[in-house]
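Undergrad: Here is how the chains run, residue by residue.
There are 2 protein chains.
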Amino acid sequence: MEAFDVTILGCSSALPAFGRYPSSQLVQIASRYFLVDCGEGTQMQLRRYSLKFQRIEHIFISHLHGDHYLGLPGLLSSMHLLGRTDPLHIYGDKGLEEILNINNKYSHTVLKYEVHFHALDFKEPKLLFEDDKVKISSIILKHSIDCCGFVFEEKNRPRKLIKEKIEALKIPIASLESIKWGADYTYPEGTVTILNKDITTDPLPPRKYAYCSDTIYNQDLISHIQNSDMIYHEATFMEDMRERADQTMHSTAMDAARIAKDANVKRLLLGHFSARYKDLNLLLEEAKTIFPATYLAQEGEKYYL
Amino acid sequence: MEAFDVTILGCSSALPAFGRYPSSQLVQIASRYFLVDCGEGTQMQLRRYSLKFQRIEHIFISHLHGDHYLGLPGLLSSMHLLGRTDPLHIYGDKGLEEILNINNKYSHTVLKYEVHFHALDFKEPKLLFEDDKVKISSIILKHSIDCCGFVFEEKNRPRKLIKEKIEALKIPIASLESIKWGADYTYPEGTVTILNKDITTDPLPPRKYAYCSDTIYNQDLISHIQNSDMIYHEATFMEDMRERADQTMHSTAMDAARIAKDANVKRLLLGHFSARYKDLNLLLEEAKTIFPATYLAQEGEKYYL
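Just so you know, the protein sequences line up as chains E and G, in that order. At position 270 of the first sequence the residue is numbered 269 (numbering that gives the first Met the number 0), and the sequence of numbers has no breaks. At position 96 of the second sequence the residue is numbered 95 (numbering that gives the first Met the number 0), and the sequence of numbers has no breaks.
Treat the hints as calculated values from the structure; they're not laboratory data. The structure presented is a predicted model; accordingly, all values stated were derived computationally and were not measured. There's no promise every hint is true.
Simulated restraints on C-beta separations [what the hints assert, rightly or not]:
hint: 1; chain 1: E; residue 1: Gln-297; chain 2: G; residue 2: Glu-1; range: 56 to 62 Å
hint: 2; chain 1: G; residue 1: Pro-205; chain 2: E; residue 2: Pro-86; range: 20 to 26 Å
hint: 3; chain 1: G; residue 1: Asp-85; chain 2: E; residue 2: Arg-241; range: 28 to 34 Å
hint: 4; chain 1: G; residue 1: Leu-203; chain 2: E; residue 2: Thr-84; range: 53 to 59 Å
hint: 5; chain 1: E; residue 1: Leu-110; chain 2: G; residue 2: Ala-118; range: 23 to 29 Å
Below, a list of computed lysine to aspartate or glutamate pairs in the EDC-like style, where the Cα atoms sit at most 20 Å apart [unchecked claim]:
hint: 6; chain 1: E; residue 1: Lys-93; chain 2: G; residue 2: Glu-97
hint: 7; chain 1: E; residue 1: Lys-132; chain 2: E; residue 2: Glu-153
hint: 8; chain 1: G; residue 1: Lys-179; chain 2: G; residue 2: Glu-153
hint: 9; chain 1: G; residue 1: Lys-104; chain 2: E; residue 2: Asp-145
hint: 10; chain 1: E; residue 1: Lys-154; chain 2: E; residue 2: Glu-96
hint: 11; chain 1: G; residue 1: Lys-134; chain 2: G; residue 2: Glu-153
hint: 12; chain 1: E; residue 1: Lys-104; chain 2: G; residue 2: Glu-97
hint: 13; chain 1: G; residue 1: Lys-104; chain 2: E; residue 2: Glu-153
hint: 14; chain 1: G; residue 1: Lys-93; chain 2: E; residue 2: Glu-166
hint: 15; chain 1: G; residue 1: Lys-265; chain 2: G; residue 2: Asp-4
Ideal placement from N, C-alpha and C gives every residue a C-beta, glycine not left out.
Can you build the whole structure from these sequences, using the hints too?
TA: This is the structure in structure tokens:
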């Protein structure tokens, strides 16, 4: 089975505390590496966990609060100093390009690799990237400034060959690839056709992961993240801080759990924790009262889908 | 004796490696706290070492290479989120103000405290700050972009009262402060004067610390940092990388040692280490062949003057 996993690099909200770093995570699908948000210190975290950051080809920045992007100029510079030549794609608010350019201007830096900047649309969800294995779309979050989440989906997976039947029917190897993708098989003389359904079984369902940070409780998300294998949803506060959550346009652990439940996801990963909580188990317990398959994001941990 | 110490927060050059953070250090003189450079992750380092960053009133940024300032927007934001109201003074290239403003613009941040920005002059050394205890000046470094170092000097210290003589001569307490600063004492009837030199001894000499990063070997520094109690001098490379040092306008450990020797300083602290050196003792040994009182900057360590 192809890899599909998420490594948490930072799960703190704006004020880093208790050794927790601001938002960032690395999503691997097959052999593709996607960085999602890039708070201050992300490059140190990538190194700490021995993750090779030159393999990252796409970086998605949800919004322009510092705790989600201030690590980006340093990461781009380190990629440059380490001799990167592969192009890099960055998806973010159009203002991000201006921020990156001004840093390069004053440091007299001309990067040795190309940066392709893709401005996000904060009005409606868009397909951002697609290849033969994966599809990545934006979702619209509701926060104090323009903010997007991201949905990572595997493309349809190949059907599974029934090995014994393939051998017994002497179907040549050259035809197997097309059979995996649904084709019937006709022998060269053209008279006998074997139906695909008789020599394959259904593929595993494609996996889906959604990143939802920062946002208030937002029912509009549900149709987009429905049936995900895992979602990361911010849980900056607990219900006892409801007023503060509303005021700063953040979610509580309970909000995250309600979204996970209504969207019928398999697992919920809580993150973006306020510096007021040293013991995060309180947030976990609050969410579990509504959605038992809840986990706390932990830095350095890899979560497999 | 009043405090005068330097805590290293980061001693890596541009590419952070082996857990080392980019340039930053906290200088304490009496009860004043000065931050010198603010590479990515400085706010995490301040927290890691339990240093109260709200006490910092002045921040000096040597130049606009990212490893010397990318931690600043995050630190300013955290000061804001923690409710700071005290004004903050920032000294740096005028471009830094533009960089900070653009970050605040896109995150819709209006800081709750005043930031007074002081543009550095990169043509000639200037007095940057002075009060009753301390004097801070810039020095001109030679690097690939405009770059300043900083010299921290105690003001003249008070003369030491000879307690037994003061008592025997019945000099009133109200007169002692002026005597500490060199005044003679005349009795109220106006006929008898006690000379200052007979009731005091010389003060301890004022202490001096110089921060020299980033720069090539530069003899012009010597007159400004002469007789310092300690200097921090960059030593990005060793002599075997002389060509690379010249090309990137950095010093070797040997360069730093020559400056320390020629300036007749008491102690040399090496820093700004290239990611190519895991074992820094090689740099230390190179410098010690010329200047024995050399030490390696170590993150979290406090160096007392």
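Undergrad: Hint by hint, say whether it matches the structure.
TA: Hints versus structure:
Between Gln-297(E) and Glu-1(G) the CB atoms are about 44 Å apart, so this pair departs from the stated range of 56 to 62 Å. A C-beta distance of roughly 55 Å is found between Pro-205(G) and Pro-86(E), which places it outside the suggested range of 20 to 26 Å. Between Asp-85(G) and Arg-241(E) the Cβ separation comes to about 31 Å, which falls inside the hinted range of 28 to 34 Å. Evaluation of the 53 to 59 Å hint for Leu-203(G) and Thr-84(E) yields a pass: the beta carbon distance comes to about 57 Å.
Checked against the hint of 23 to 29 Å, the C-beta distance between Leu-110(E) and Ala-118(G) comes to roughly 27 Å, which is consistent with it. A threshold of 20 Å between alpha carbons decides the hint, and for Lys-93(E) with Glu-97(G) the separation of about 18 Å falls inside it, so the pair holds. Between the alpha carbons of Lys-132(E) and Glu-153(E) the distance comes to roughly 6 Å, so the proposed pair stays at or under 20 Å and holds. Between Lys-179(G) and Glu-153(G) the alpha-carbon distance is near 16 Å, which keeps this suggested pair within the 20 Å criterion.
About 13 Å separates the Cα atoms of Lys-104(G) and Asp-145(E), which keeps this hinted pair within 20 Å; it holds. A hinted pair counts as satisfied when its Cα atoms are at most 20 Å apart, and Lys-154(E) with Glu-96(E) does not qualify at roughly 30 Å. Simply put, Lys-134(G) and Glu-153(G) have alpha-carbon atoms about 6 Å apart, close enough for the 20 Å limit, and the pair holds. Between the alpha carbons of Lys-104(E) and Glu-97(G) the distance comes to roughly 11 Å, so the proposed pair stays at or under 20 Å and holds.
At roughly 37 Å between alpha-carbon atoms, Lys-104(G) and Glu-153(E) are farther apart than 20 Å, so this suggested pair is violated. Between Lys-93(G) and Glu-166(E) the alpha-carbon distance is near 74 Å, which puts this suggested pair outside the 20 Å criterion. Only pairs whose Cα atoms come within 20 Å are accepted, and Lys-265(G) paired with Asp-4(G) is accepted, the gap being roughly 14 Å.
Taken one by one, the earlier hints fail for this structure at numbers 1, 2, 10, 13, 14, listed in ascending order.
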